[in-house]
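Protein sequences appear in the order of chains L and H. So for the first sequence, the UniProt record's numbering puts the first residue at 1; every next one is plus one. So for the second sequence, the UniProt record's numbering puts the first residue at 1; every next one is plus one.
For the record, the hints were derived by calculation from the structure and aren't laboratory data. Please note: incorrect hints may appear among the correct ones.
What follows is a set of in silico ranges between Cβ atoms, one per label pair, in the way DEER data are often shown [as the list claims (entries may be wrong)]:
| id | chain 1 | residue 1 | chain 2 | residue 2 | range |
| --- | --- | --- | --- | --- | --- |
| 1 | L | 431 | H | 122 | 49 to 57 Å |
| 2 | L | 431 | H | 71 | 38 to 46 Å |
| 3 | L | 431 | H | 230 | 37 to 45 Å |
In this text, a Cβ means the ideal position worked out from N, Cα and C, and glycines have one as well.
Single-letter residue listing:
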Amino acid sequence: MFFYLFGSIINTLFIYSLTPQEEEDLPYEEEILRNPYSVKSWLRYVEHKADGRRPVAVCQIYERAVKQLPGSYKLWYRYLRYRRLLARARANSPDVSDADLQAELSVANAAHERALVHMHKMPRIWLDYCRFLTRQGRITESRRAFDRALRSLPLTQHDRLWPPYLRLVRLHAPHGCLETALRVLRRYVRFKPEGREDFVDFLLEHQRLDEAVANLVAIINDDSFQSSRGKSKHALWQELCNLLSRNPLEVTSVNAEAIIRQGISRYTDQVGRLWTALAEWHLRAGNISRARDVFEEALATVTTVRDFSQVFDASAEFEEGLVRQLMEAAEEGAAAAGDSEESLESDLAMLRFEHLIERRPLLLNSVLLRQNPHCVPEWHKRVQLLADRPAEQIGTYMEAVKTVDPHKASAGRACTLWTEFAKFYEKHDQLSDARTVFEKAAAADHRTVDDLAYVWCQWAEMELRHGPPEKALALLAKAVAPPSHKVDFYDRSEPVQARLHKSLKLWSFYVDLEESYGTLATARAAYDRMLDLQIATPQIVINYAVMLEESAYFEEAFRVYERGIALFKWPNVEELWKTYLIHFSDRYGGAKLERARDLFEQCLEHCPAELSRPFFLLYAKLEEEHGLAKRAMNVYERALERLPANQRAPMFNIYINRVAELLGVTHTRAVYEKAIESLPDAEAREFCLRFAELETRLGEVDRARAVYAYCAQICDPRLHEQFWHAWQEFEIANGSEETLREMLRVKRSVTAAFSTQLNYTAAAAAAAGSADSDDQAEDSAGPSSSDPMRALEQQQQQSAQPKGILFVRGKDQEQPAGVMRTAPAAAESAASGVANSNGAGGKANPEELQIGGDDDDSEDSDAGGEVMEEAGEDSDGGGENIEISELPVPSEVLGSLAKDSDDES
Amino acid sequence: MSFSSSSGRLPVPQDLLAMPGGVGGASAAADDPLAHQGRTRSFPAERGQWATSVHCPAGELLDELGEHRVESWRSALSAACHGAEVHPVDSPHLSLSRTVILRHHQIAAYTDALRSKLADSACCPVVADKLIALPNDDCTRTFFALRLAEHSAPACEQLVARVDSAMSLFGLPVYYDQPQLHVSLLWTLGDRSQDRSVQRLLDDISGDLASSGGVGFLADQVVCRSGNKEFMFSLS
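Let the sequences and hints guide you as you build the complete structure.
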């Protein structure tokens, strides 16, 4: 209270000695007097004063305000800001002395310090202060301020402080403050572990590798760590390994080897790189032999070719570098004084290098085998690589047969490993050992029975190569011995050894050997067992039978055939039947005709039609040679009924030949007739021609003509010129004019008949294009009546023709009548009497007209008049116009005949 | 990897030898001579190998001799062999062939062949008048057998010839060149045929037999024994 009164008295005293300016302040002072605790009034006062002329006054007012209200953030904040602005303005103005500035700054700083007595929980104040100090370049003070701020503010607000703090220490770290910076950063990392990555970078930047590695390890070990840069654990590992391997000496806090090895076991896709890194680590640490060990270990453990080549290249490079280094040293040494020890060392290094290069294929092979130990070809390759080291080859074989699981074997058969193993001993003349291998192989597991059979066959072949065949025979007999219980060959649950006795391969080899080296009885027993086991093939049956036949056991052989035939179905049995029937006929000929016939009947009963031809021929041959011709003919007849259409024609040929030979030519007539009747058109034409020829030869001209006439119905003159030519030739040679004319008439009518058919394809048209004029006439005239589409097309073409021949369609195109009438008159005067000769008058049938295009007719009727009417009647006249110019070809052929006919008429 | 090496030869890995295998190994390994009175196999028992022999059963001969006579011979021979055990033969027979090996698939064919060969053979009366000692092929056992009398041998030799012809069809060994047709009654281990004491005893017994006119039986069937199967062929 006293204080208050005292204050107001002072104020009153001021009023009485006032400058005009001070007078302006009076209302404010009074308000303050009235309300000394009102922030608003203080601020208003400051606002009033803040015109920039007297900053000291403003500061005074602020000072008074904060004295009065020390807990007001608003006031302090504004005051401090004002101070800072003031200081900055001072700093920027050129006419302020350094001492003044420093004084100003220290006053500002002091103001901040005073503010912080009350405002120490205000992060804004702290931040501003720290920044202010930093800007002043007072490093230690700003650091301390930051530290104090961190201590005063709760943890949740540290987020705001750290970035400028870090900026500060980073800024000054290179200038002698590294240790301080590190300490600050370490604190920061403890506050915020995510910042580790940055810390690591910082450490690396300043060559603090050991700590960087330790931090990296910490990052990697921290399962919850989330990289702010999106780096994966894997990438961090790589970074770590790189660091470790590059700086083996600097990094002491962690066990680098253990870390890299862990990486190798964890990151299988980087194995090659990591191994190389480990070796490099040793190398840089100066531990050459350890590095070499690591390389060796790596080469012995990597499982992919990529890693292998990476490690191998690094290893080779390392050895090569070593050699070069030693050589250089040796050269220098030699210059100084000849030292044998050094040259020895370099020789040793050279040898090591060469040895490594030499081993490359083998090592690579090892890699592939580690990758897939069941890869048979790789094992074989390995043996080849070890070509001059038999002991190691044996070791490899042994390992192969022990390692490879035949059920998993890829790209090859595991059994070949066994056989090659045995052959290896055989090659070295150790038969007994080879036999041991085979024995083990025979007892070993195999994927299929075939594999096991292969082993046995190879074994037997070896015995054959080296001893009496009896040994091989006994061996195979052992192999095919049946097991004590019944086994299904296809039962996969049974071991292959139990199913071996039904292996076709083994039995085939066995019977082969029995046949060559055993007795007939033993061979027969073997073959019989094969048939019993139902593993024989038709070829085996045939072999068996042939063997018996060779030993003159014919009936036995035939019985074997019968057995085989009962075993197999069509069409597999075909070969068997064929052999059987041929051999039977050869053996007995006609002696057992009835039996042979039975056999043939039996065979043909189930024989599919398309396979039956050879049997029919055989049958017929048998009948011809030993039986009755009539029966043979019967067989042919049956064959023709049975055979599919495409096999009939050759059969007819044979039949006709046989009939001609056996019964005489005249009997072939019936056959020909039948052939023509039953065969498809194309083949029927052939037969017709031959039939006609035959009749001609026999002098039966009428018959021949009838044949021609019959055949004409299936011979389109456009396509089968040959036939018509043949007929014409025939008529010229044997016929009269009348018959010739008859033929031509037939030809016309046939042409007409075919022309109505629409299946006159493009190909046929092309063929006809090169053909006779008949066809052209047909082309232009015929279709116009039969095919509306073609007619339209034609119309189109003609309308596109030059004006000169427009008369063709004059009527339609409304040409002057005179033109239309005169032009045809000139063109058609010769073409003339088609209509006349046909007697069809003005309204002629178009088809008839087209037939009339034939030369004979036109010549017959060249006296015909009434051209105009005709030509005007139909546009086809235009077509005929063309016809006439091209027709002479046939008329030349029949020149004399045509003249004759003229004379007659 | 260890090797069992011998000089100059390439070694065979021990691992290989240790692997299971060896054909018919299991049954060969189980072969124990003590299990059958010290007899040893002349060829290993193997799957698919059928020991086959052809003989005429001679059980009647034993009946005619009487058990006690054979027993007395046995004890006497045992004494002559210095106490070695002498065993009676289980089923006395007149062997017509050696013991041969047939394959399983050959048995049927072989018996068929044998049947056809023996088809028209007649029964032959067999008379034995001499006890002799015969060692087997590899001299591991000696058989004491009744030898056929001179006059009854030819008929039996004919049978042997027929059996031989069946054997040769299959490429199998035929009977001995100069067959000593006999019916084994007793056997003992080792070759005792040259023992003086045994010889003397045998001569004595043979003398007794000869004086009594020998013993005989009618061989009216031939048996082909193959493994555990028996095929009978009756003679007309």
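Status of the given 38 to 46 Å range, CB of residue 71 (chain H) versus CB of residue 431 (chain L): Taking Cβ atoms as reference, residue 431 (chain L) and residue 71 (chain H) lie about 52 Å apart, which means the hint is violated.
How does the Cβ-Cβ distance of residue 431 (chain L) and residue 122 (chain H) compare with 49 to 57 Å: does it lie in that range? Holds, since residue 431 (chain L) and residue 122 (chain H) (Cβ atoms, about 51 Å apart) stay within the stated range.
Pairwise beta carbon distance, residue 431 (chain L) to residue 230 (chain H), judged against the given window 37 to 45 Å: Given range 37 to 45 Å: holds, Cβ gap about 39 Å.
Hint 2 from the earlier list is the only one contradicted by this structure; the remaining hints agree with it.
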